[in-house]
Amino acid sequence: MEKQEGRRDRKKLFTYIALFIIFQTIVIVAFSQTVMKIRNPKVRLGAVVVQSINTGATSSSFNIRLITEITIKNTNFGHFRYDSTPLNILYSGIIVGQTVIPKDRADARKTKRFALYVDISSDAISGFPNFNNDVNSGVLFLTSQARVSGKVRVMILNKKKSPELSCALAINLATRQILDVTCQ
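According to our numbering, the sequence shown is numbered sequentially starting from 2.
Since no wrong hints were added, every one of them can be taken at face value.
Label pairs and their in silico Cβ distance ranges:
1. Gly57 with Thr183: 23 to 33 Å
2. Gln5 with Met37: 39 to 49 Å
3. Val28 with Lys111: 20 to 30 Å
Here are the computed lysine to aspartate or glutamate pairs in the EDC-like style, where the Cα-Cα straight-line distance is at most 20 Å:
4. Lys43 with Asp108
5. Lys104 with Asp84
6. Lys74 with Asp108
7. Lys161 with Asp105
8. Lys161 with Asp84
9. Lys74 with Glu165
Note that these hints are calculated values from the structure, not bench results. These numbers were taken from a predicted model, which means no experiment stands behind them. Beta carbons: idealized from backbone N, C-alpha and C, even for Gly.
Take the sequences, apply the hints, and build the full model.
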């Protein structure tokens, strides 16, 4: 009689151990698929404001100062530490303005926001074929590009990530307003 009770107790014990191991496996798999999955942070151009436009001797010569809001959205469960990165403003692929995104850290599951000043000059593109037509139409189409390199740290894991910023913006030169900002 005691042997049968001992066998039942051992079967119960092994059943509980097996259920515990299965439960732990499910928890570990769920944890690794959600928390430990490291995604690329998102870098976007937020609000853009024209602070000043200074025209030169010719109608197609100008200097523009923009105030741009940069947002770095970190959707990971660990922080994203990134290096300083150049932010280029381009007209038809030619750099007309540049500023630096400073070295910093975006905390876990947070969005880092900061403002930058960008000076745009028409000196590099004054001889460009379509440039005078765009200036005379009153709307200047520009693109912005940056590649923010850094590391996401989740618990003991470090993984290199390099999100890219690629936005198009249109500036109305007459009213000194930003008409449109679209980011990919």
